[in-house]
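Novice: Work from the hints to combine the two standalone chains into their complex.
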Amino acid sequence: MTLNPHVRRYLPLAVFAAALALALPSLQPLPAPQLQSVVATPTAVANTGMERRFLVNPAASAHSASLADLGDSKIAAAWFAGSREGAADVNIVFATFDGKDWNAPKAIMTREQVQRDTRRVVRKLGNPVLWRDAGGRLHLWFVSVAYGGWAGSALNHAQSDDGGAHWSPARRLITSPFLNISTLVRGSPLPLADGGVALPVYHEFIAKRPEWLRFDANGKIVDKRRFPASARLLQATAAAIDERNILALMRDAGPKRRIHAARSADSGASWTPAEATALPNPNAGIALLRLADGRLLLASNPAEGGRNLLALQVSSDQGQTWSPPQFIERGADEDEYSYPILLQDETSMIHLAYTWKRQTIAHLRFAPAALEVAK
Amino acid sequence: MMTAFDFLSITTMQLLILSLGSLAAKKPLLTAFSRDWRAPGLIAAFGVLFYPLALGAGDFDPYRLGYQPALLLTVLALPALYLWWRGQALWLWLLTIDLLAFALGLLESVNFWDYLIDPLLTIACIILAIRNFIRHRATP
Chain V
51 MTLNPHVRRY LPLAVFAAAL ALALPSLQPL PAPQLQSVVA TPTAVANTGM ERRFLVNPAA
111 SAHSASLADL GDSKIAAAWF AGSREGAADV NIVFATFDGK DWNAPKAIMT REQVQRDTRR
171 VVRKLGNPVL WRDAGGRLHL WFVSVAYGGW AGSALNHAQS DDGGAHWSPA RRLITSPFLN
231 ISTLVRGSPL PLADGGVALP VYHEFIAKRP EWLRFDANGK IVDKRRFPAS ARLLQATAAA
291 IDERNILALM RDAGPKRRIH AARSADSGAS WTPAEATALP NPNAGIALLR LADGRLLLAS
351 NPAEGGRNLL ALQVSSDQGQ TWSPPQFIER GADEDEYSYP ILLQDETSMI HLAYTWKRQT
411 IAHLRFAPAA LEVAK
Chain B
162 MMTAFDFLSI TTMQLLILSL GSLAAKKPLL TAFSRDWRAP GLIAAFGVLF YPLALGAGDF
222 DPYRLGYQPA LLLTVLALPA LYLWWRGQAL WLWLLTIDLL AFALGLLESV NFWDYLIDPL
282 LTIACIILAI RNFIRHRATP
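Taken in order, these protein sequences are the chains called V and B. Residues 51 to 425 (my numbering) make up the first sequence, in order. Residues 162 to 301 (my numbering) make up the second sequence, in order.
Extracted from the complex, chain B is given alone in its bound form (with noise of 0.2 Å):
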């Protein structure tokens, strides 16, 4: 179906959707990613330790635990419910749509990685936190 973007996650999409929001509304509604380095650093550690294991760096493949992907999504699952209970629902949105977008098969991949990350969102990530990292320093 989306054969022209599917190099890209859902996660990708939601966050350039809303950062086309943000612009279009004047309005941040992304300040996790705009303005902290947490969840952008977060990301990219997780995504620098992910596709080299998945290439072959060693013999565990945490690509694998994406075709069978409860275990998974309990463990991204838990996290988001507890923000989402303390006033943060971002994660738990970015999520349910990327699971949404997993059940209806929506991605030419049957692997629920490749609705969660790619490279791409990687890379940005790197370059946002350490853009907000630096720019959290420089901060009095």
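Only chain V is shown next, with the shape it has when bound in the complex (with noise of 0.2 Å):
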């Protein structure tokens, strides 16, 4: 059969037009993101004392521990957990705290599991952020590696509409060109008003570089942002600290030693260059938080080598200045108490988990008047 010449010659115009008009929905410009409203509320539990608990690990190892508010006083702690860092026997686990006790912890995600749902050989799995939406949905994102070593991460998602009973099948999300290697994530995200929310991951291959990802309310990936001026830098840990500023710090495995900075005053869709903070870092996981009263809560490894002291700082003019340490763990040297996350409660509590000795996970437990102690 041959087409009239006519035909012939606009015919691919024709189909350019038509699979336009098909894409126009992609096409369309992306609206400016917009951080869901923060309001800051006077705390007034006036309890000075620190609780604290070490929860079951299922596994000789335990590390990069992730907290979530369930509501009435409960919440979720998702870390993974194996016979070391890295072993093919790392599961992520999940486990529930009612107000008094942590439940026994269950595998949520296996390296089996994972290699089934998202049909593609992993070798390890590592570093869950948990999170629960406005809708009360429980989100969980980790990585996964098929090949060599962390900087091979993917990232995937799963999410569970129970409490964290049932998970979803873990879905991988695409973001690199390259065998969509070296995504990690470690950081707590942030809602967007529209239902979306902007996730702090991280590059690691050819150089290090933490990035801003934007799901829209569907949970796909709208955007992705380098922080600029961050090479050496990982792990981004941000609080919005109105509807439009964000602080964002970070992690440095450059050779300052030192957390940087950076900040956006619209909503995360530009950054300021990161810079050196004073406050010390032995390239080691960092948690900030904003408080409901308006301030800002670090935890960190305050040194500049090892990661045997853990200490919590505040902040109340934004994280131009913070409190001295108040030391939570002081070991020997070869301790380690790292990969704090934080998280306040509905009730105003105050909760800190953390890799203790990566034996388990300890989880401490105070309202915000246990900080003004330290000041």
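Warning: the hint list may mix true and false statements.
[Claimed, not checked] Here are a few chain B residues that face chain V, going by a calculated C-beta distance under 10 Å:
no., residue
1, P213
2, G219
3, D220
4, F221
5, D222
6, P223
7, A231
8, A241
9, W254
10, L261
11, A264
What the hints contain is simulated information worked out from the structure, not anything from laboratory work. For every residue, glycine included, the Cβ atom is placed at its ideal position computed from N, Cα and C.
Specialist: In structure tokens form, the structure reads like this:
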């Protein structure tokens, strides 16, 4: 069959126009991000004590905890547990705290299960990030590695509609054009007013760089932005100061050994170049939280080397200055108290979870008044 | 949908189908790639620049443009339409099929770059560009 020369000439143009019409919804300009409203509310919990609990770890090694508020004084934690970091038997485990005790953890993502769900080779799992959205749905982001070290990580997502009892199959998120390698996650997300979410992620292959991933209300990635001047930084942890302003603090894998800071005045659409603060950092994970009373709370290892010191610091001026460290752990040089994560629940109680000597996850619960003591 | 092949871009799949069609029909359908060095050279040069930048070599991440691809599509559509006007419809067809696949979400990725280019295509284009350039120089 031979096409009429005129039809043959204009057919590609017609099909292109049809494809363009079909793709039009994806070609609309992206609305500027807006953070969910942030209201400062003074808290009145007067208790100045700190309760410490250890979570039951189902394996020899535990690392990288994340927390989510479940309401009614309940919280949930996820971390990775196995014979050692990076081992094939590492699972993402999940446990809940009912206000008094932690229940027994259960594996919610195993290597085999993620391999089946994503139909990809998976050699190891790590870095879960847990978050509950306004509708009560729990989200879990975590990394999986097919080949090589952590720099080869890919990002995955699963969700639960029943408080973590059951989880959807893991879904691979495509964030890199080269075999989808090298996107990792560690920091908690910030909710956006449109029902979407902004998630701090980072990149390790070729160069370490923190990035800012934006999802729409359907969980589709709609933007990815690299923090400017951020080479050798990673694991940004962000706090919304108000509806427009965000402070992001980053772990330093470079020679300065200082927590770096970047700020956004447009809800994460753009960022200032990352700059070193006066806060020391031994190339270790940090956690930043905006408290309900408007102050900022930082958990970190406040030293240039070693992860044996873990401390809290408070800022009342949006991160310009910080109170002296209030030490939570002061271990021997070889001890590790690392990868803190912070959460303030609906009753204003603050929760800090962190890796305790790589053996388990420690959980501290305290009222904001406990921080006043340190000032 | 296309999990088994989704490490390949739609462009690569189209070129593979056209290559197989050339073999079956015993008629060159892809002379821009089989004989000329300029088209594969352009894709190769682009890939060599694109992948390191997307993988963290600098502050600018070109992969970002693929999540909201209006600008990227405009930049590609203008030369494709010009070439079509000049009688070379191949580029407009390639772009059109890529765009259709993107609109229909045929790949796991929601980033338009993954429909346009992949590392295997870049490597193939490097080899083709070098081979065709050497042949071109050797032709009296």
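Novice: For every hint, state whether the structure bears it out.
Specialist: For each hint, the structure was consulted:
| no. | hint | result |
| --- | --- | --- |
| 1 | P213 | holds, 7 Å |
| 2 | G219 | holds, 8 Å |
| 3 | D220 | holds, 5 Å |
| 4 | F221 | holds, 8 Å |
| 5 | D222 | holds, 5 Å |
| 6 | P223 | holds, 9 Å |
| 7 | A231 | holds, 4 Å |
| 8 | A241 | holds, 8 Å |
| 9 | W254 | holds, 5 Å |
| 10 | L261 | holds, 4 Å |
| 11 | A264 | holds, 4 Å |
In this structure, none of the earlier numbered hints is contradicted; all agree with it.
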